[in-house]
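There are 2 protein chains.
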Amino acid sequence: MEQTVAAPIVFETHPSQYRHWKLTFDGPVATLGMDVREDAGLRDDYRLKLNSYDLGVDIELADGIQRIRFEHPDVRVVVLTSLKERIFCAGANIFMLGGSSHGFKVNFCKFTNETRLAMEDASAHSGLKFVAAINGICAGGGYELALACDEILLVDDGNSAVSLPEAPLLGVLPGTGGLTRVVDKRKVRRDLADVFSTVAEGVKGKRAVEWRLVDAVHPTSRFRDEVQRRARELAAGSDRPEGARGIELRPLNPVISDNRIDYGVVDVMIDRPRRLAELTIRAPEAPQPSTPEGILQIGDQYWPLRAFRALDDAILRLRFNEPEIGTVVVRAVGDPVNVLACDEVLAEHRDHWLVREIVRFIARTLKRIDLTSRSFFALIEPGSAFAGTLFELALSCDRAYMLDDPDRPNTIALSTMNQGACRMSNGLTRLELRFLGEPARVEAAFAHEGPFDAQEALDAGLVTFAPDDLDWDDEVRLAIEARAALSPDALTGLEANLRFAGPETLETKVFGRLTAWQNWIFQRPNAVGERGALKTYGREGRPEFDWKRC
Amino acid sequence: MEQTVAAPIVFETHPSQYRHWKLTFDGPVATLGMDVREDAGLRDDYRLKLNSYDLGVDIELADGIQRIRFEHPDVRVVVLTSLKERIFCAGANIFMLGGSSHGFKVNFCKFTNETRLAMEDASAHSGLKFVAAINGICAGGGYELALACDEILLVDDGNSAVSLPEAPLLGVLPGTGGLTRVVDKRKVRRDLADVFSTVAEGVKGKRAVEWRLVDAVHPTSRFRDEVQRRARELAAGSDRPEGARGIELRPLNPVISDNRIDYGVVDVMIDRPRRLAELTIRAPEAPQPSTPEGILQIGDQYWPLRAFRALDDAILRLRFNEPEIGTVVVRAVGDPVNVLACDEVLAEHRDHWLVREIVRFIARTLKRIDLTSRSFFALIEPGSAFAGTLFELALSCDRAYMLDDPDRPNTIALSTMNQGACRMSNGLTRLELRFLGEPARVEAAFAHEGPFDAQEALDAGLVTFAPDDLDWDDEVRLAIEARAALSPDALTGLEANLRFAGPETLETKVFGRLTAWQNWIFQRPNAVGERGALKTYGREGRPEFDWKRC
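In order, the protein sequence lines correspond to chains A and B.
Those letters in the first sequence? Residues 1 to 550, by the numbering used here.
Those letters in the second sequence? Residues 1 to 550, by the numbering used here.
A hint or two may mislead.
[Unchecked claim] Partial pick of chain B residues on the chain A-facing surface, computed with a CB cut under 7 Å: (1) V106; (2) S373; (3) D489; (4) K535.
[Claimed, not checked] Below, simulated DSSO-like cross-link-like pairs (lysine-lysine); rule was C-alpha separation at most 30 Å, straight line: (5) A:K185 / B:K84; (6) B:K185 / A:K185; (7) A:K49 / A:K206; (8) A:K49 / A:K22; (9) A:K84 / A:K49; (10) B:K535 / B:K548; (11) A:K185 / A:K22; (12) B:K185 / A:K187; (13) A:K548 / B:K535; (14) B:K185 / B:K84.
Because the hints were derived from the structure by calculation, they are not lab data.
We put the beta carbon where it would ideally sit given N, CA and C, even for glycine.
With the rest of the complex left out, here is chain A (with noise of 0.2 Å):
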């Protein structure tokens, strides 16, 4: 039997609260130590033995990881390892994805793999490189973690191995990017990746390394100390700050009620009946810091910080706990002036560590609108601040509608954070994607002077519809309601192909193909039938498969 989360899942955690991960210091080397506790499952209908992993253990993953990047500047490199023995990691709960819909199976999935791609990121943006130290055996899910990071270190004990036992065991895909980084990141051989990932047992010792399924082994008597060495090593390398000190992410303490969560800064109406939330996002009133030391100084109370942290838990508040909620209607308010004044400081100051962060994680936040299967409109009307980061959050939206009223001045701007600094998941800015087809104008638009009222940004392409003010409300409620009219499902497929057109990296491919597929099997009755093989697994019996290849 399916069974739902009834209380609403929360994404704010703490290492003071965490259940199944020990963070701890050692110098430039931060270790997270997974020791998952059985009885602490998000539900009650599974238990979370040998290191399986359910949602909530990915939540402090992310959180612990997140942490480090803002707390903890003077850490270099993280080591991923298990505190229980023999086992590094089984992967993901069985018996929670036997027991869980689908669309918690897809965006479970979803957040997991945003979760490994923010290590990636790190590592590529940040310097923080990432070991893995797997100390007993690693499956499925758990060489998935593994492969998201820079190196990975496999014990040679006779017993530990690498799997990837999905298929041969439960009749679905590693799907949290292993398929795709055993053959893209690691660039496995594909034949080599196909036995890999079709025996249950998995590779171990040094044939391991020679299908470059790990980097190294070392005997179990040297493992620690040659992690260790390796750790070393990876941190000389970095470029993370010297004895810098941190911010606090402090909780965001939303305000919540039945049809509301209001950050403040970001607010969020739920209209159930319409099936529409709308979603508001307000520039800063106050004159925001400078300098690097004085965003130090104010910490996560610096606007871009509130405003994109507030978004991010907005945006997975409605991915898990409202998925009826298939539009989500976007404005930005407040004087657009002091967004574009925060975008210059950011741009000046990039190379700061704490401004670094703090646009890669405007970067995710923005990618995580981007992979969120909600229909997004923005709204631009008079006292919009859809300028430079927040004309972004425009840019990402499936459609944008501007008020073109001679008497109610309207405008949106851009500036360098649309030029580079909040990449898609492809590699291409907001604007290259926009204008695959006429990149001219992507310079055209950046060579305006000021901002663009409506009838410029139409012109110059920045903005689908401009209708005026006789138009707009009509024009903008049919819009909304058409949208809430189809089918969901198709608007998933839709939006995911079109969101994306342009070149394809690893990150893309794990959402689109991969996905993709997992998401196919999951519906499958060989995967989730009553005889599927999620569903027998760890049950008398075995599978009972319709054998008709599709």
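Using the hints provided, position chain B relative to the given structure of chain A.
The following block gives chain B in isolation, referenced to the frame of chain A:
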């Protein structure tokens, strides 16, 4: 109720037998006129109204394009148009889709996608350009067919529009490349594409040009002349030979029994209890011509064309008529020297129009295998002919086993046909893909003198395993048995991911991203449930949706 096709589907046809298309010629311009016979569908539970199509219609289209390439080398431009009044094409027949099994829908879309990609292949490699002359309503698959053309001309009669009504009307995607080609090929802006793909009525006239959906619109009075004018212009830029005589593609005449399809040069044995096909391709026995003139003389009996036409037909029959056959064991037998001799001729005369067509045909057939949702294992045994073009077939397989028995010589060999003539959909050669992580090994393989014995092949990374004669039987048998025991759906997803490492192209995006999502939607109750949009279309009442977004 889902209907299955009782009689095996046959993929060979001939213009003299077409029921749905008229192929006519006027100098360098051929016209494929669509005039679908309502009562001539492949099944009798639907009528092909309004130039809607089913697999039978597409088999004729594929045949027509193939024959233009081989039989009419003087043709430089193909005009695709409708012979009916006011309707160009209404797309894939909805009632056919509604009544088809999931597997049939998936394979139907795969085939139609391959037909459209064959048009783009002809445009890119054979100097054959395509003009869609849209002389009436053009919806869904009709517009997707137009999108595969080099130019799209739309009549401006106040009524004729292009549209992708799949999402709004049917709750599915325009899955025959539509969404991908709109944003990736024609580079329609994503927000405009979003609007276009969600309004059932589509876009017509000047707006269709402004949004880049079509290349030009012309009033009814001038439409026919403008199409001809543009066709002649495109013809002038083609390098197709003037006054050349084509070769006839005659029937393959396979001998078919219950468990065997025997083309002579290719032989497929079906072992249903083991869900296994054993496919054997035979190297040429007699010497093959060494000049284009000689090839022209024997035409479709020239070994490379004969062998790959048979192989292509065999793969299509397996896909549609033998859905439970999950594994294909591939053997090549005969003298590899004869294969390499052909390869030399193909390389030397690569610029000759017919050689070019033959090589492109081989390349397309190999791509068809890459995209076939069955596991392929190459078995390289003494007497095998896996050299050059035939070794490319082994490289297409998920694994290759090569017997290492010093007493029975067994070799493989490379040729120029492994060096770029047969690139995969993702633009890589199969050796480049294989050695994504160690590109120097591609060069090393080509630097090797002469054929590789089993140990050399294993060391060079060209085969997966090289068991000796003691282990061979057991190891191969166990591998095949283990494969046959796995979930067919998990294997489909696994192979779709592991086979396509590296870059993605429009072509791979159509099959990876778009198709995977479409297949997901084709499983969802919102589309195919009793009250799903695909089932309720044309009946009374509206679809009922589960509004949860995934």
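Going through the hints against the structure:
{"no.": "1", "hint": "V106", "result": "holds, 4 Å"}
{"no.": "2", "hint": "S373", "result": "holds, 5 Å"}
{"no.": "3", "hint": "D489", "result": "holds, 5 Å"}
{"no.": "4", "hint": "K535", "result": "violated, 12 Å"}
{"no.": "5", "hint": "A:K185 / B:K84", "result": "violated, 52 Å"}
{"no.": "6", "hint": "B:K185 / A:K185", "result": "holds, 27 Å"}
{"no.": "7", "hint": "A:K49 / A:K206", "result": "holds, 28 Å"}
{"no.": "8", "hint": "A:K49 / A:K22", "result": "holds, 17 Å"}
{"no.": "9", "hint": "A:K84 / A:K49", "result": "holds, 11 Å"}
{"no.": "10", "hint": "B:K535 / B:K548", "result": "holds, 19 Å"}
{"no.": "11", "hint": "A:K185 / A:K22", "result": "holds, 28 Å"}
{"no.": "12", "hint": "B:K185 / A:K187", "result": "holds, 29 Å"}
{"no.": "13", "hint": "A:K548 / B:K535", "result": "holds, 23 Å"}
{"no.": "14", "hint": "B:K185 / B:K84", "result": "holds, 28 Å"}
The structure fails hints 4, 5 (numbered hints given earlier, in ascending order).
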